[in-house]
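For reference, the chains in residue letters:
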Amino acid sequence: MLLLFLILGITWGGIYALVGLGFNTTFWTLRILNFAQGEYLMAAVLLSIGFNRWVNLPWPIAIVLALAVTAALGLVLERVAIRPVLQHDPRSHSWVVTTLGAGIVLQNLAVLLFGTSEYPFPKLMEGVVQLLDARVEKQLLAVFAITVVLVVLFDIFVNRTLMGKAIKAVAFDRMAAEAQGINSRGIVMLSMILMALLAGIAGLLIAPMVSAHPYMGTLMTVKGFSAAVLGGLGSPVGAIVGGLVVGIAEQLVGGYINPGLKDAIGLIFLFVILIARPQGLFGKKVAERV
Amino acid sequence: MAPLLQLENVSVKYGAIEALREVSFSVEEGSITCLIGANGAGKSTTVNAIAGLVPTASGRILFQGEDITKLPASRRIAMGISIALEGRKIFGDQTVIDNLMLGAYTRSKNLSKLRREAEEMLARFPLIADRGQQLAGTLSGGQQQALAIARALMSRPKLLLLDEPSLGLAPILIQEIYQIIQDLADQGTTILLVEQFAAYAFMVSQNACVLEHGQLTLAGPVAEVRDDPRLARAYLGK
Amino acid sequence: MKRFVALFLVLSMALLAACTSQSGSGGTSSQNPSTGSQTASQSGGSESKDPIKIGLVAALTGPSAELGKGIQMAARLAEKELNASGGVLGRPIQIIIRDDQSNTQLGLNAVNELIQKENVVAIIGPTNSGVVKATLGVTAAAGVPHLINNGQDTEFGYDYPHAFQFAMPNRTQARMIAQFTQETGLNKAGLLTANDGYGQPGRADVLAELEALGVQPVAMEEFKPTDADMTSQLLRLKDAGANVILFWGMGNDAATIRKNMATLGWDVPLVGPNPLVMNNFRDLAGPEARNTFSTYEATFIRRPLTPKAEAYAKAWKAEYPDDTLFYGPGEEPYFYLAMGAQTYDAITVLADAIERAGTTDRAAVLEALTNTQGFEGVNSVISFSKEKRVALPDEANILVEIKPDGVYEMK
Ligand SMILES: Nc1ncnc2c1ncn2[C@@H]1O[C@H](COP(=O)(O)OP(=O)(O)O)[C@@H](O)[C@H]1O
Ligand SMILES: [Mg+2]
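Residue numbers (our numbering), protein chains in the order written: chain A, 2 to 291; chain B, -1 to 236; chain C, 1151 to 1561.
The hints are simulated quantities; they were obtained by calculation from the structure and are not laboratory data. Please note: incorrect hints may appear among the correct ones.
If the Cβ cut is set under 8 Å, some of the chain C residues that face chain A in the computed set are [as the list claims (entries may be wrong)]: (1) Thr1211; (2) Pro1213; (3) Gln1222; (4) Asn1259; (5) Glu1305; (6) Leu1336; (7) Glu1371; (8) Ser1382; (9) Leu1385; (10) Asp1433; (11) Leu1434.
Derived BS3-like pairs (lysine-lysine); straight-line CA-CA distance at most 25 Å [as the list claims (entries may be wrong)]: (12) Lys1199(C) - Lys1230(C); (13) Lys1464(C) - Lys1388(C); (14) Lys156(B) - Lys107(B); (15) Lys139(A) - Lys1553(C); (16) Lys1467(C) - Lys1219(C); (17) Lys139(A) - Lys1467(C).
Ideal Cβ placement from N, Cα and C applies to all residues, glycine included.
In isolation and in its complexed conformation, chain A is listed as follows (with noise of 0.2 Å):
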């Protein structure tokens, strides 16, 4: 029981991280925390779907035509939702109102797209393994596997490509990454991409596990959330950490208290990380900033 729970909660804790990591990519450039995160990974899921059944687009294609879309959405939500708050006033934090409200228009237009009916997502591969004494589908880990390839993908890009490091600096210096010839435009816009994608092919990666709707997203926003929080906004590792604290927990209480009690886990760890440590476990004081 404690290995699966073990696995189970690794493997949505990693989901959780990559949210989590959507959430300090836009973070980092524009000091804004994106609660349309979590639409962003329903986006993704359906459109794929819409492709798939009502263009006839191979899932492949449909898969990568749907992330491209979600991405340019994500372009659109930065021009229409977060810039003319920052334009008229960078002080602003309306920003949490109008990335809400983005959200909420999504999940409108995903409901007026495919009504509230749930849609089925095909897996990767199909089949069962023994690992020690717990059973469980080769899709999860085909999904754990994937998440541990993508955050590797993602610090690679972050620590170790020149654009990465630009971003870094931009998010620590706008105007000092400026005054390098960084284009903290160019660069926005990419950490609006990467919110997109990191969302997107979380949701692509738990669609086939859970099933596909225009509400699939809400609460892995507030997860999603509460790992980069937990973890420490900001922090690529705090982030990582962050989700799996929220994804094992959430297993050892649905599992050995009450299931009842494991969405509200995250936010418990949300309480008590404000209280006790608001920078969050790998933060920097510079969280205050905004």
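Put chains B and C with the ligands on the given structure of chain A with help from the hints.
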């Protein structure tokens, strides 16, 4: 020969505040020109406008005879203008080497080549030569200033804008930084040097410009400006 | 920063609260605007050649629209056949259909309007149980016979003297689900039910039926209908040693459960009520739509078909040759045809009662309805009494096995 840099009636506004009013001066190739004035006179605004970090309200900025007034910062860097900002503004959460590589952002995206060049650049700055892997935020003030200058040099500028390199440094470190500036000048780098404390600037500069409340009130060879009674007024009469 | 986190916390808690509270069924059932409706007892128009009006409230749009459409099609078929054979009391039948969009308030409005303005003899519907519950008071106060063509709540056929139930009552389904443990010998039952207005009464029914059989469940778990992941509940059932899962909830949740079971490499039978036979369970569960059992009307599953069922299927095919949703895509009629037949039976029983009453007086029709004995409907032979007004006897329902490619009678 046309001057390397030329400002023609440049004005800059921050909203309603007119930080620069019709400023004109030029910088000759191979020289150090210093821009001095009291705190808030508009010195940083001037160099930031030249670097393309602050938009001009009117006037023209010419570099090598070419109008760059509307070009983005990245284009100006590519053309050969580089700035070490006031307050160093190094990327504190990245290593010294990473900071240097970012200085060459517009020039190349080849990481291994950039790393090699960054290491070469580092070797030229004894203050930080052995600090390559250290996080820049943990450097001392003088080391950070050296890094800021080194980073600005990574783009191989024809014109280097230095904004108050001595700010907040202990006198002994100021000497070290000015030694660096002098060495650069000896190698033929053209520098526009912003200083609040004219005494330092005069030691290395050939020409001087004095800003007062956003207006240029005095310009000429250091020897003349130094003895002009208006210089004292620029600092005292605010 | 703290401020936003705090704001977000409040928002997300509101969200969680909304998720858990929205699980109540249908909404406000307390409303009971029975304004002066007691007076009109003479109804259905004057005693002439005017049509006899019957009110049907169905969810033609909204979340239950597909089902609503099928109900409408069945009603029109019944109306057409009745009128073709000379109508009732020598008068044509007119079925007035109103859409409630599965919305309680719209359902109430429709029922009131049909009774007050259209002066209908009887009300059929609405489609959703929650809406039915809310409207029962209105029809009771107005003395209007209320034929519940789709609602499955156990109380509908027992607790309301003016109400007649044509769908399979939950209690009957619960009994069959409980009996599964006896028929298969898999009696380490784990209960897994939705914590909403559908799952909670269902769970109580299943528990009562299990107790009657002397079976003590090894574990009981609940889920929120919004739960995306039920592995925790499943692991608890598994850990308790369950060898069968007795489920009460909707098809989409059952699909999540089957997929989660696959994730855990655990495969025991899942037994639940008739929403499981709907396409959405098989669509969503895909290859995992297996080892799953549900109850359903035997009408179109068992072969050979009864003559009445065969005639109904033929008439349907003739009237709606393009329909594949209810009749199914093949030559042979599909089990789902029984769903519309509930409405068809309601209308034909009502017509029979009016004929026997010899009048459209609501009280007389109600009495005639209550005295119905041995009426041959499509889904069953229908008999009502003062104690029980349930159209489908237990034996009309059978256990079916659901597989990825279809629904089969359980062997
Ligand atoms: N970003 C800004 N927004 C508004 N006003 C500014 C900004 N930067 C500088 N100023 C104002 O412009 C004037 C010139 O500032 P600055 O160029 O920094 O002077 P200096 O570098 O000579 O000390 C000052 O009055 C300052 O307050
Ligand atoms: Mg300054």
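- [ ] Find the hints from earlier in the document that the structure breaks and name them by number, from lowest to highest.
- [x] Hints 1, 3, 4, 5, 6, 13 and 17 not satisfied by this model.
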